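Participant: The residues making up each chain are set out below.
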Amino acid sequence: QVQLKESGPGLVQPSRTLSLTCTVSGFSLTSYGVSWVRQPPGKGLEWIAAIWSGGSTDYNSALKSRLSISRDTSKSQVLLKINSLQTEDTAMYFCARSRPYYWYFDFWGPGTMVTVSS
Amino acid sequence: DVQMTQSPYNLAASPGESVSINCKASKSISKYLAWYQQKPGKANKLLIYDGSTLQSGIPSRFSGSGSGTDFTLTIRSLEPEDFGLYYCQQHNEYPWTFGGGTKLELK
Chain G
159 QVQLKESGPG
169 LVQPSRTLSL
179 TCTVSGFSLT
189 SYGVSWVRQP
199 PGKGLEWIAA
209 IWSGGSTDYN
219 SALKSRLSIS
229 RDTSKSQVLL
239 KINSLQTEDT
249 AMYFCARSRP
259 YYWYFDFWGP
269 GTMVTVSS
Chain F
944 DVQMTQSPYN
954 LAASPGESVS
964 INCKASKSIS
974 KYLAWYQQKP
984 GKANKLLIYD
994 GSTLQSGIPS
1004 RFSGSGSGTD
1014 FTLTIRSLEP
1024 EDFGLYYCQQ
1034 HNEYPWTFGG
1044 GTKLELK
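Residue numbers (this note's numbering), protein chains in the order written: chain G, 159 to 276; chain F, 944 to 1050.
So that you can see chain G by itself, here it is in the shape it has in the complex:
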């Protein structure tokens, strides 16, 4: 069955770079897109980046200068890096799947919490 699972460091210091991994199973990254969506504590959801089945990428323009999304198809993993971390980046980070040419998310991972603090 389709599964996505996020992993990350939990706690990161301000100004550092955050690296998150989304490991997927039950589908191929060359057939589906995967996005990262985040949710600060007690707040709503924010789409931040996507990598599509062909390998192209899209970023939320509000964060674009600090983001990098990539994938390793041999490991079925999607990687997200956010540099110059700020306390406002504290959030639950989710990865989620999109069908080709559809821009909603049909499967989600459980999320990984990232706290930015010194």
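Keep in mind that the hints were calculated from the coordinates and are not lab data. Accuracy of the hints is not assured; some may be wrong.
Said to hold, decoys possible - Partial list, computed: chain G residues near chain F (C-beta under 7 Å):
1. Gly202
2. Leu203
3. Trp205
4. Asn218
5. Tyr259
6. Trp261
7. Asp264
8. Trp266
9. Pro268
Just so you know, these numbers come straight off a predicted model, no measurement behind them. Cβ coordinates follow ideal geometry from the N, Cα and C atoms, glycine included.
On the provided structure of chain G, position chain F as indicated by the hints.
Facilitator: This is chain F only, laid out in the frame that chain G set:
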């Protein structure tokens, strides 16, 4: 960016009742709206996409309506497992944006 506004912020209801949650877009998004359910410790669940298409496996008591800027999620005959947070998301144009959420609580 398209701003999505949900109402109400909180909603209290009893099992068996029917409820509606509204979502308003700051500009027309045609039919391209999705609804999700969020519950603690569980993956977010897609309920509806394209405004009114029920995702596979979702009970028929969930329904979506609307187009343009105004959309509604209706849940008929609430079951205990329906209580939680609900979010709308426009999937018409980049960047994809979400509403602020509606908390459906047990009365």
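Participant: Give a verdict on every hint.
Facilitator: Here's how the hints hold up against the structure:
Nearest Cβ of chain F to the Cβ of Gly202/G: about 5 Å, under the 7 Å cut. The hint holds. For Leu203/G, the shortest C-beta to C-beta distance to chain F is roughly 4 Å, which falls under 7 Å, so the interface hint holds. The interface hint given for Trp205/G is met, as the beta carbon of that residue sits about 5 Å from the closest beta carbon of chain F, less than 7 Å. At about 5 Å, the closest approach between the beta carbon of Asn218/G and any beta carbon in chain F falls short of 7 Å, and the interface hint on this residue holds.
Hint status for Tyr259/G: violated, given a least beta-carbon distance of 11 Å to chain F, over 7 Å. Restraint check, Trp261/G versus chain F: the minimum CB separation of about 4 Å is within 7 Å; hint holds. Of the supplied interface hints, the one on Asp264/G holds, with its beta-carbon coming within about 5 Å of a beta-carbon of chain F, less than 7 Å. A hinted interface residue such as Trp266/G counts as satisfied when its beta carbon comes closer than 7 Å to some beta carbon of chain F; here the least separation is about 4 Å, so the hint holds.
A least Cβ separation of about 5 Å between Pro268/G and chain F falls short of the 7 Å threshold, and the interface hint therefore holds.
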